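Based on the sequences and whatever the hints tell you, model everything.
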Amino acid sequence: MLGEWKFKPTIGPTLFAVPTFIILILLGSWQVQRMSWKQDIIASFEQQMAKQPVIPPLDIKESTDWRYTRVRATGRFLHDKEILLTGRTFEGTAGFHIVTPFLFNGNRIVLINRGWIPEKLRERKSRPQTIPTGLVSMEGILREDNRKGYFVPENEPNNEVWLYVNTRQIAEYRDIGPVPGYYIDELRAPGPYKLPIGAAGKIEVRNEHLKYAVTWFLLAITLLAVYIVYHTRKCEDD
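For the sequence shown, the working numbering begins at 4 and goes up steadily by one.
A hint or two may mislead.
Here are the computed lysine-lysine pairs in the DSS-like style, where the Cα-Cα straight-line distance is at most 27 Å [claimed, not checked]:
1) K41 - K214
2) K214 - K84
3) K54 - K41
4) K41 - K197
5) K54 - K205
Ranges between beta-carbon positions, derived for each pair [what the hints assert, rightly or not]:
6) I44 - V217: 18 to 26 Å
7) R236 - F154: 43 to 51 Å
8) P193 - I231: 53 to 61 Å
9) L18 - I63: 44 to 52 Å
10) D178 - A46: 36 to 44 Å
11) Q132 - G90: 22 to 30 Å
12) K197 - V217: 49 to 57 Å
13) Y153 - I45: 24 to 32 Å
14) T92 - H234: 27 to 35 Å
15) S140 - T218: 43 to 51 Å
16) I25 - Q50: 34 to 42 Å
Calculated from the structure, these hints are not laboratory results.
Quick caveat: nothing in here was measured; it's all calculated off a predicted structure.
By construction, the Cβ of each residue, glycine as well, lies at the ideal position given by its N, Cα and C atoms.
This is the structure:
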């Protein structure tokens with residue numbers, strides 16, 4: 004006569020399954036938290052972009068919610084003090100971002116990421132169309148200094164190799180005096196692209212954390228199911 008189903012866990016598989024299950028659940032929960040964080044960033048960006056532009060602040064300490072603030076100013080670019088950020092692409096084409104000091108409101112200077120140019124236009128004399136003279140009006144969004152990734156090499160100012168924005172380092176090397184602890188991504192004008200190609204005015208943040216969270220949770224459920232099935236046996240009565 005058939006007996007009842009019995010669940011009898013063994014030590015070896017249990018020592019593997021329990022910590023693995025916990026890790027999978029923690030990874031899934033972490034992805035849910037990351038998803039919420041990304042959603043907050045996107046919502047903040049959209050709210051800031053809906054506001055009217057303001058004059059660039061003296062420093063980011065003036066506001067507790069300054070990221071992606073739209074700003075507008077009239078002044079002139081100090082083209083002889085520009086630097087080129089290497090390793091930038093646009094629609095699959097390699098190039099640089101031009102970062103130029105901008106003098107406005109008398110004696111204030113802020114760094115402007117004016118946008119992308121192709122590699123062949125590295126030399127300033129080869130791109131006169133990117134060097135406006137006189138007073139210009141600029142509109143953009145505030146950005147914090149780039150955080151250098153673990154595998155990203157250091158900037159090499161003496162070799163004109165700039166991999167990320169460090170406002171203080173750029174200001175010191177170009178001898179332009181103090182600048183705010185932020186820079187500005189200049190927004191591109193509507194219509195056909197004009198060099199340099201500025202920021203699109205929309206946030207480009209990958210938010211695939213829900214997919215990753217579901218993957219981790221499904222792996223945890225699968226592990227639990229396999230563990231239960233493996234240790235469940237049908238006992239037979241004598």
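* Asked: Which of the listed hints are not met by the structure?
  -> Of the numbered hints given earlier, those the structure breaks are 2, 4, 12 and 14, listed in rising order.
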